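Participant: For reference, the chains in residue letters:
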Amino acid sequence: MNRRVFLKSGSIAMASLGMSLSAPSFLERVVMGREANAAGGRRKVLIAIFQRGAVDGLNMVVPFGESNYYNARPSIAIPKPASGNAESAIDFDGFFGLHPAMRSFKPLWDSKQLAIIHASGSPDNSRSHFDAQDYMESATPGVKSTADGWLNRYLQAKKDPQGSSFRAVSMTRTMPRVLMGRSPSIAMANLNEFSIRAGKASANVQSGFEEIYAKQNKDVLAKTGRETFDAVNYLKQADPAKYKPENGAEYPNGPFGNSLRQIAQLIKANVGLEIAFTDMGQWDTHVNQGNSRGQLANLLSQFSVGIAALYQDLGQRMDDVVILTMSEFGRTVKENGNRGTDHGHANAMFVMGNSVSGGKVYGRWPGLKDDQLFEGRDLALTTDFRDIFAEIAMRHLGAGDLKSVFPGYPISATRFKGFLI
Amino acid sequence: MQRFFRKTAVLSLIAAILGTQSIVSFSTTPRLTEEQRIVHVLNRLGFGPRPGDVERIRSIGLEKYINQQLAPEKIADTMAENKTQELSALKLSTAELYEKYPQPAQLIRRLQDRGMLPKDLAEAQEGQKNPRENPGYRKLIQNYYKENGLEQPQRIIAELQASRILRAVYSERQLQEVMVDFWTNHFNIFFGKGAERWLLPAYDRDTIRPHAMGKFSDLLQATAQSPAMLFYLDNFQSVSTNADRGRAQEMMMNPPQQRPRRGINENYARELMELHTLGVDGGYTQKDVTEVARCFTGWTIFRPRGGAAAVNALRGEEARTRRTPARPAGTFFFNMRAHDDGEKVVLGHKIPASGGFNDGLKVLDILARHPSTAKFIATKLVRHFVSDNPPTALVNRVAAAFTKSDGNIRETLKAIFFSNEFYSAESYRAKVKRPFELVTSAIRVLGADTNGGPGTHRWIERMGEPLYGFQTPNGYSDAAESWVNTGGLLERMNFGVALAGNRVQGTKVDLAQVVKQNSDKNRMVDESLRMILAGEVSAATRESLIKKMDPADPIAKVVGLILGTPEFQRQ
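Top line first, the protein sequences correspond to chains A and B.
Using this note's numbering, you'd call the opening residue of the first sequence number 1081 and step up by one each time.
Using this note's numbering, you'd call the opening residue of the second sequence number 15 and step up by one each time.
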């Protein structure tokens, strides 16, 4: 490819981010890579979303066909689907239904772009948020000494010849465990703030810092510093405020909606994004969880409206994008003394995208009768989360060898659920 | 006082200028020099040196200084007291805070009762729309606050954050402030949860501070009984399934939708063992968690959300004539009627039936003296004071000191501060400063003047660690690998530039008092480095600074760049 071709495609990439033409070297590599890859397939993207605090999966994807569900939850259960009752569960298949606050997911279910894996999660029985989040992000349940996150190990295992600085981006203020590790990743709360701000002297001061950090070696700060300036140099001319979502997508106000909007912006800018991550908190509903309305309903509404907007905004690009949601563990089948739920075991995960075989609840359902519960109290686990992660890494992202990504857990495609075509 | 500091600053500057030729890089010396040991102690037992501090400690003697710091009650602290004098919310009891800083939601209900706001607002609030976002209503609510001498509740946390910044910058009891920071993070509480903003001033003032350098068992019991912790980890709502239901509810005085029903809540019991004492591998089971939760049933808060106190603010005069309750709102009490008084077994110890309030005390006693606790606390202290990778031998000695002294925090700290590991070259300037440490140490090193207000705190927040802003009970990590990231690093550099350029709201820096403008850029860089980092930077950093300086550049540029160097991020 010659220089002129690059300039042409580069300007397309940058126009979509709303910036003038001045591409750093890594972008040049990305754009060239994209052109070169045109015959062999386009870059695939995974957007991973963590519901921190343990969402109540039994009220999110409701097993309304289980009578014990209603016995265990006298004040917080979601009513069985009933036409004309907007407070009742949205029927999926006569047994499972969706929380009514998540109605914006219904069209995706109907068009078979939304799959659910119920009774899934970590086989470890820890009910500690920190341990369980740690295990889900390191993907080594029961082993605390694992230094890196599984998405970072994926990045290490599948080298990116284009070396984009934006290959892995977390829209969070701090780097999540799942992306920690040797492969460079970026964490930022907001695209707007991502620059050196010194008034008229900004460029001058920035070049000072760049010089200082470029000369450091073998140091966590120096490495982070260099990655920072790679990214700053590309983003500093961007004007995220001018970004207009497409297809009538409307993101909810608040940090979660903002994160999703900026992920869409980075994807459309063709900066080489492959792994995007963000999270949403406050799911730890020990007290006054609510039922069809209330605390959990408000969270689920914000969550689903945001993701549906992202889906809509990305439009045809969802051919190459998979959205995956996860939460560290489920919650007790029985409601507690405070109209809430305590820490439980298995949970439900969503997988979305145009390449997903959706409209189906995957995974064996273990039942909610007393003798079917894990440790006599929680939803039992029938799908290890690593089998879900591995199916996405292999069938969507195109990873070859997963041995190093999931150490101590031999991956076998026979355990894949088959939610990816 | 101010003049004294200026004078010593000038003296040390002269010393610095004379000394520039003979700066020795620490990396070539296997052992720390006396000056390095002093700098190290100022960084780790405090929030970094102010101008003149190194000389001051040299004349006191390092060992004597450390021993002084270990006895903070004997150190006069006028400056910090004066600086925090105007933070009036922090002097009020929780009940008074409920009265003077009422929740807008309660105010809205009151205004509705008076017909000043439409009734259907409550409906709007149930959904996602917040009436406070309506400009018309907002004005009305603001006026009500003003006319009735009330304050907005978010001011409480702003003042609490300011007090922490001011004490870190100005207090002579530096180690005490470091320990307050350490324990506040160890027994972490998130201000955004429910009633926490009204409960946290008492938590800082009455729970953490009095015990920060005392006995661990006292500190543990104080946190267990603190309304802030009881609220944060839900124990105040944990009610025995055997409890007398009607009476238990009656005692709670909550609106019906918040009224607790029977049922225990395990949240506190689990975090008490996992995060406060034994550590996650400390040898407890799910059964122990349930048993501990049973022991703590009935440990609750009287009127946790203020009850009548909060309503008093809205009723004005008429309320003051009402009779006062048996105990103030927002204080600890043991509710026997909510307590499970059966037998329990905790970590193999039998706790006989009918123990009442003593059940919880026994649990705390077992936990405070458990060997896993000694190990866990020792590891965390060594990680905080010495290295992100705590040396095992030192951890063992510190744990032994903890056990031998029955959890005496001063004795435990001594085992660290007088160890060889503490003064090792590997530990010197090795730890990355957490955002709170970076901001306060930068203000100190420049001898800047700050009001500690939101203009300062906002930077700590941008770097990722707002005070009292960590949601989950594990607190901020003390190991850099887990939180150093691009966004945070960028904000560190931006903070340095903003501080040196006098663009941090509420903080004033007079660089002319610290470093003189000099047309010789080498000297300007060296003097600044000497002042801020005792001259200890890599040759590469020094060269880069000189290369990037123009003789016409203001001194603020070089100072801003130095505050943003990798070297200043460390302590």
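Don't read these hints as lab results, they were simulated from the structure.
Since the model is a prediction, treat every value here as computed from it, not as a measurement.
Keep in mind that a hint or two might mislead.
What the hints assert, rightly or not - Partial chain A-side listing against chain B, Cβ under 7 Å, derived:
| hint | residue |
| --- | --- |
| 1 | Met1255 |
| 2 | Asn1272 |
| 3 | Glu1291 |
| 4 | Ile1292 |
| 5 | Arg1306 |
| 6 | Asn1338 |
| 7 | Gln1392 |
| 8 | Gln1396 |
| 9 | Gly1417 |
| 10 | Asn1418 |
| 11 | Met1474 |
| 12 | Arg1475 |
| 13 | Leu1477 |
| 14 | Gly1478 |
Claimed, not checked - Listed next, the in silico DMTMM-like pairs over lysine to aspartate or glutamate satisfying Cα-Cα at most 25 Å (straight line):
| hint | chain 1 | residue 1 | chain 2 | residue 2 |
| --- | --- | --- | --- | --- |
| 15 | B | Lys301 | A | Glu1455 |
| 16 | B | Lys561 | A | Asp1299 |
| 17 | A | Lys1303 | B | Asp355 |
| 18 | A | Lys1303 | B | Asp302 |
| 19 | A | Lys1295 | B | Asp295 |
| 20 | A | Lys1295 | B | Asp232 |
| 21 | A | Lys1303 | B | Glu440 |
| 22 | B | Lys530 | B | Glu550 |
| 23 | B | Lys364 | A | Glu1291 |
| 24 | B | Lys88 | B | Asp295 |
| 25 | B | Lys561 | A | Asp1400 |
| 26 | A | Lys1186 | A | Glu1291 |
| 27 | A | Lys1280 | B | Glu495 |
| 28 | A | Lys1295 | B | Asp567 |
| 29 | A | Lys1224 | B | Asp567 |
| 30 | A | Lys1295 | B | Glu581 |
| 31 | A | Lys1280 | B | Asp524 |
| 32 | B | Lys535 | A | Glu1291 |
| 33 | B | Lys394 | A | Asp1228 |
| 34 | A | Lys1280 | B | Asp567 |
| 35 | A | Lys1449 | A | Asp1228 |
| 36 | A | Lys1224 | B | Asp295 |
| 37 | B | Lys535 | A | Asp1171 |
| 38 | A | Lys1192 | A | Glu1455 |
| 39 | A | Lys1239 | B | Glu210 |
| 40 | B | Lys394 | B | Asp355 |
Using N, Cα and C, we set each Cβ at its ideal position, and we do this for glycine too.
Participant: Would you mind marking each hint as holding or not holding in the structure?
Facilitator: Hints and how they fare:
Interface hint at A/Met1255: satisfied, since its Cβ lies 4 Å from the closest Cβ of chain B, which is below the 7 Å cut-off. A distance limit of 7 Å between C-beta atoms decides the matter here; for A/Asn1272 the minimum to chain B is near 12 Å, and the interface restraint is violated. The restraint placing A/Glu1291 at the interface with chain B holds, with a minimum CB-CB distance near 4 Å, inside the 7 Å limit. Hint status for A/Ile1292: holds, given a least beta-carbon distance of 5 Å to chain B, under 7 Å.
Interface hint at A/Arg1306: violated, since its Cβ lies 9 Å from the closest Cβ of chain B, which is beyond the 7 Å cut-off. Taking 7 Å as the C-beta contact cut-off toward chain B, the hint placing A/Asn1338 at the interface is violated, the least distance being around 14 Å. With its C-beta approaching chain B no nearer than about 20 Å, A/Gln1392 sits outside the 7 Å limit, and its interface hint is violated. Checking A/Gln1396 against chain B: minimum C-beta separation of about 31 Å lies over 7 Å; hint violated.
Taking 7 Å as the C-beta cut-off, the interface hint given for A/Gly1417 holds, the closest approach to chain B being about 2 Å. Residue-level restraint check for A/Asn1418 holds (minimum Cβ-Cβ distance to chain B is 5 Å; threshold 7 Å). Checking A/Met1474 against chain B: minimum C-beta separation of about 29 Å lies over 7 Å; hint violated. This hint is violated: A/Arg1475 has a C-beta 30 Å from the nearest C-beta of chain B, more than the 7 Å allowed.
A hinted interface residue such as A/Leu1477 counts as satisfied when its beta carbon comes closer than 7 Å to some beta carbon of chain B; here the least separation is about 23 Å, so the hint is violated. Violation of the interface hint for A/Gly1478 is found here, the shortest Cβ-Cβ separation to chain B being roughly 27 Å, above the 7 Å cut-off. The hinted pair formed by B/Lys301 and A/Glu1455 meets the criterion: a straight-line CA distance of about 11 Å does not exceed 25 Å. For the suggested pair B/Lys561 and A/Asp1299, the alpha carbons sit about 22 Å apart, so the restraint of at most 25 Å is met.
Of the pairs offered as hints, the one joining A/Lys1303 and B/Asp355 is violated, with about 57 Å between alpha carbons and a cut-off of 25 Å exceeded. As the CA atoms of A/Lys1303 and B/Asp302 are separated by approximately 44 Å, the hinted pair breaks the 25 Å bound. Our distance criterion of 25 Å between C-alpha atoms is broken by A/Lys1295 and B/Asp295, whose separation comes to about 41 Å. Proposed proximity of A/Lys1295 and B/Asp232 is contradicted: the alpha carbons are some 49 Å apart, above 25 Å.
Between A/Lys1303 and B/Glu440 the alpha-carbon distance is near 20 Å, which keeps this suggested pair within the 25 Å criterion. Taking the CA atoms of B/Lys530 and B/Glu550, the gap is near 19 Å; set against the 25 Å cutoff, the hint holds. Taking the CA atoms of B/Lys364 and A/Glu1291, the gap is near 64 Å; set against the 25 Å cutoff, the hint is violated. Pair hint B/Lys88 plus B/Asp295 does not hold up; C-alpha atoms about 39 Å apart against a cutoff of 25 Å.
Proposed proximity of B/Lys561 and A/Asp1400 is contradicted: the alpha carbons are some 47 Å apart, above 25 Å. Between the alpha carbons of A/Lys1186 and A/Glu1291 the distance comes to roughly 52 Å, so the proposed pair goes past 25 Å and is violated. For the given pair, A/Lys1280 sits about 34 Å from B/Glu495 by alpha-carbon distance, which is inconsistent with the 25 Å threshold. Taken as a hint, the A/Lys1295 and B/Asp567 pair is honoured in the structure, with Cα atoms around 22 Å apart against an allowance of 25 Å.
For the hint linking A/Lys1224 to B/Asp567, the alpha-carbon distance of about 50 Å lies beyond 25 Å, and the restraint is violated. For the suggested pair A/Lys1295 and B/Glu581, the alpha carbons sit about 12 Å apart, so the restraint of at most 25 Å is met. Our distance criterion of 25 Å between C-alpha atoms is met by A/Lys1280 and B/Asp524, whose separation comes to about 21 Å. Taken as a hint, the B/Lys535 and A/Glu1291 pair is honoured in the structure, with Cα atoms around 17 Å apart against an allowance of 25 Å.
A threshold of 25 Å between alpha carbons decides the hint, and for B/Lys394 with A/Asp1228 the separation of about 21 Å falls inside it, so the pair holds. Between A/Lys1280 and B/Asp567, the direct Cα distance comes to roughly 13 Å. Compliance with the 25 Å bound is thereby established for this hinted pair. The straight-line distance between the Cα atoms of A/Lys1449 and A/Asp1228 is roughly 38 Å, outside the 25 Å bound, and the hint therefore fails. Taking the CA atoms of A/Lys1224 and B/Asp295, the gap is about 10 Å. The hint holds against a cut of 25 Å.
Using a Cα cut-off of 25 Å, the hinted pair B/Lys535 and A/Asp1171 is violated, with the two alpha carbons roughly 74 Å apart. The straight-line distance between the Cα atoms of A/Lys1192 and A/Glu1455 is roughly 35 Å, outside the 25 Å bound, and the hint therefore fails. A threshold of 25 Å between alpha carbons decides the hint, and for A/Lys1239 with B/Glu210 the separation of about 47 Å lies outside it, so the pair is violated. Between the alpha carbons of B/Lys394 and B/Asp355 the distance comes to roughly 35 Å, so the proposed pair goes past 25 Å and is violated.
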